[in-house]
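Trainee: In case you want the letters, here they are:
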Amino acid sequence: MESQPNKLAFDSGWAYSPAPESTDHVHIDKKYDLFIGGEFVAPVKGGYFETINPATEEVLSSVAEATDADVDRAVKAARKAYRGAWSKMNAAERGKYIFRIARILQERAREFSVIESLDGGKPIRESRDIDIPLAAAHFFYYAGWADKLGYAFPGRTPKALGVAGQIIPWNFPLLMAAWKIAPALACGNTVVLKPAETTPLTAMKLAEVIRDAGLPPGVVNIVTGAGKTGAAIVNHPDVDKIAFTGSTDVGRLIQRAIAGTKKKYTLELGGKAANIIFADAAIDQAVEGIVNGIFFNQGHVCCAGSRLFVQESVADEVIQKLKDRMETLIVGDPLDKNTDVGAINSAPQLEKIESYLKIGQQEGAEMYQSSCPVPKRGYWCRPTIFTGVSQSNRVVQEEIFGPVLAIQTFRTLEEGLTKANNTPYGLSGGVWTDKGAKIFKMTQQVRAGVIWANTFNKFDPTSPFGGYKESGVGREGGLHGLGAYVRLEPQS
Amino acid sequence: MTAKTARVPVAKTYKIYIGGKFPRSESGRFYPLEDDDGAVIANICRGSRKDFRNAVVAARSAQPGWGASSAYLRGQILYRVAEMLEGRREQFVAELVLQGITKRKAQAEVDATTDRLIYYAGWSDKYQQIFSAVNPVSSSHFNFSVLEPTGVVSILAPEESGLLGLVSNIAPVIVGGNTCVVLASQNLPLCAVSLAEVLHASDVPGGVVNILTGFREELAGQFSSHMDVNAIVYCDGDASVAKQIQEKAADNIKRVLSRVEIDWKSHASQNPYLIQETQEVKTTWHPIGS
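Protein chains in written order, with the working numbering: chain V, 559 to 1050; chain Y, 911 to 1200.
Bear in mind the hints are in silico, worked out from the structure with no lab data behind them.
20 Å max Cα-Cα, derived EDC-like pairs, lysine to aspartate or glutamate: (1) V/Lys821 - Y/Asp1148; (2) V/Lys821 - Y/Glu1171; (3) V/Lys717 - Y/Glu1187; (4) V/Lys822 - Y/Asp1146.
Since the model is a prediction, treat every value here as computed from it, not as a measurement.
Construct all of the structure, not just a fragment, from the sequences and the given hints.
Mentor: As structure tokens, then:
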């Protein structure tokens, strides 16, 4: 092979042997009912839909399709639990139930990791090292807040809202469930949660955990279904709060749907994050950051660094190194511990991504994809970059939610900043430079809720997450995440 | 010898306030403000949607500079506004009386308004310390969350509290580095226009506060829907009004802040959570290493 002067040497001459995580300790039922009032109950109208493994297209299980009547039953159970045991319980005891959930999740972590990768297509390395441990940590973090809420709101007395309706996406199924349920319970609310229709299994397993943790019946209710089920939650008159993570378009519909009601809401919506590389950055580290920013979880990440801005003087070097690094990424079996990029979550999502690959090329951009082999069955997309794009290109402006990066260059800091902020979104951003003063200037002026400087895609239960502008309303995580689940009264 | 005649008093033309200037409405329209006996007190500009768009442009261009000014400076400027208001106390009292309340109540309202400005001036360099956090993440990173202004805020000011309610909503928005476009009370607009003159004389940069007069019915829709406004504050109306506002606000996921049924005279109506409501939380991560 012809050698290039700056080429990173990843090739050790050794091939990777398959290292699949075993599935024999994992049990998935043939059918999952709804979790309402502490029990698994069949849906009123008796409908079920299949959930498949996107890496093999094989059916994993059937889950119940909750209709309006089922959602109503779940909300009633949540209201009953709120009026009864949950709101009367001593806050420290409430916290102990949440601690229990965290502990059981830790005990069953391996099982959850495997199911998460089976149902959603994400690499086992990610579900094992990120999704599941973070979900447990989230419950552990908020459990401790339950009896300390007064300290979070100086001069105010926080009160629970009542019943929270929560709708979560398919990209981090268990983690998003934890982000939603943990603070809601800590603040004394009860919950009706709907997981995404393509990734319901870990939520149903979480229902088992909640049952085993002995939570009073109805404190957490989990109903499965698609958009109609979500709409039933949003429109239910006895829900006090809506928490939604998903697309900006659906977020708009929700904000309109609950207009004029007393429902509180938090929305965690789309993004098109700028990842900005200055010439004085540690380039090799920045390349790792770019890869992590856009190819983590197949790019199914609302805060993905999907717009790359490279300072012109190092653009050629960065792009070449990025291409070299992309060549090393292994796309394939999510359960293989060597896999870097797993399966695209669903056929419709793959279709959407592929439509953007066409759009990008039609608009005149140059597309580059790594040459790795991909499995014959299942939904796959090779890591992809577009160069030669401009601000108005759709692959620059619109959220693709796949492993697709649009690359632009800039000369001055001001130009980089202006381009970075030229988007209706404002969820996250990245800055790479060795100069401290430049970091602070950029991190202050990029209009987004989470900024990673010399790192990317880091998450922690103590760290608030959420967007500016059309990326959403409110924060999840940390002290600030409590505000979404309380109303504040003047101190008496 | 000519007969001694009484001096003719000079009446003020009440105008709107956009980008640090006092134009009339571009529409050339007005509405008469009448006293209880039907006599015309003043002709008030009936602001148009175009006036509102102009005001948003002014607010947007003023925001980066105002947001980047130091907390200390913003505090001093708000304090200066209070000083100027105190100096013009009699004028404001007279206007409130003209609009139909007793002199005693008018004096109380002006004094409470001055005190409210001082209250928020004092918060300028403190709310950040109350609401920020250093987050103890598990990985080797330094991680902190601070507040930043949401941006441009449109305010439908309280209809029944023409001065105190107006200032109670402007002050927490601008002390946090936002700029705003305000629709004054339709029936109690005099003090809003005079407040603009006070702001103008207090080193508040042009465009930071823009004040329109006009018809709520006509303008509320655009206050809610404009795509370059980041948040809307409204202070009146029932569920149907709230519904209209939030439906339109959803076009660009505006923050919608309902402050209806608040007694602006009460001490409890001033608190730093009103500042926090038009702030965004930004969290920054950086690795710790060598």
